[in-house]
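J.: Single-letter residue listing:
There are 2 protein chains.
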Amino acid sequence: MSKARFEQLREQLDQVNLEILEVLNRRAELVSEIGLLKNGKTTERFDPIREKEMLDKVVAANEGPFQNDTIRHLFKQIFQASLNLQEEEKKSLLV
Amino acid sequence: MSKARFEQLREQLDQVNLEILEVLNRRAELVSEIGLLKNGKTTERFDPIREKEMLDKVVAANEGPFQNDTIRHLFKQIFQASLNLQEEEKKSLLV
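Taken in sequence, the protein lines are chains A and B. In terms of full-length UniProt numbering, the first sequence has 88 at position 88, counting the first letter as 1, and numbering is strictly consecutive. In terms of full-length UniProt numbering, the second sequence has 13 at position 13, counting the first letter as 1, and numbering is strictly consecutive.
Be a bit skeptical, because a hint or two may be false.
[Stated by the list, open to error] The calculated label-pair distances, taken between Cβ atoms and stated as ranges, are:
(1) B/Pro48 to A/Leu94: 33 to 43 angstroms
(2) B/Lys90 to A/Phe6: 17 to 27 angstroms
(3) B/Arg50 to A/Phe46: 30 to 40 angstroms
Hints in this document: simulated from the structure, not taken from any laboratory. All values reported here derive from a predicted model rather than from experimental measurement. For every residue, glycine included, the Cβ atom is placed at its ideal position computed from N, Cα and C.
All chains, full assembly: derive it from the sequences and hints.
T.: Here's what the structure looks like:
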């Protein structure tokens with residue numbers, strides 16, 4: 001393979017990484033907004049029913065190459081990170 | 001808050017989830033392509049230097065609300081999932 005092609009693919013990968021970063025942070029902002037509207041504060045409690053509903057929708061739309069179990073795992077990590085962020089925001093408001 | 005606004009935000013969240021799904025799978029396809037070009041097979045070995053380089057670029061671009069440590073954690077999960085996928089693809093070729 002040509003080195004140029006390889007470099008091109010690596011650049012594409014870096015670009016996709018930045019897209020993932022952007023959409024993860026956009027999701028975090030949205031979750032904060034929902035939490036604020038819901039409770040008048042930034043903490044949204046864990047809602048297993050809503051979480052399952054979101055996961056089911058994502059998995060239903062999954063066409064791979066990642067398998068459904070992998071997608072579930074990654075999204076659970078994202079959900080957890082969002083909850084942790086809300087906890088941090090709550091603490092910072094209490095200081 | 002109005003119920004309509006809440007529903008609207010939930011729909012936005014579902015939409016963002018699907019965007020994350022799309023870009024995660026796009027990343028997985030790109031990693032497979034790089035692996036194929038690199039080795040003539042679908043397995044790309046773990047490359048800690050390249051992984052660190054990718055993480056540094058992502059963290060440098062991070063403007064929050066997720067903190068850098070959270071972004072690092074989520075991306076490590078994504079990298080690991082990509083490696084696992086490559087292993088699965090390799091096994092399926094060997095059967």
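J.: Hint by hint, which ones does this structure get wrong, listed from lowest number up?
T.: Every hint satisfied by this model.
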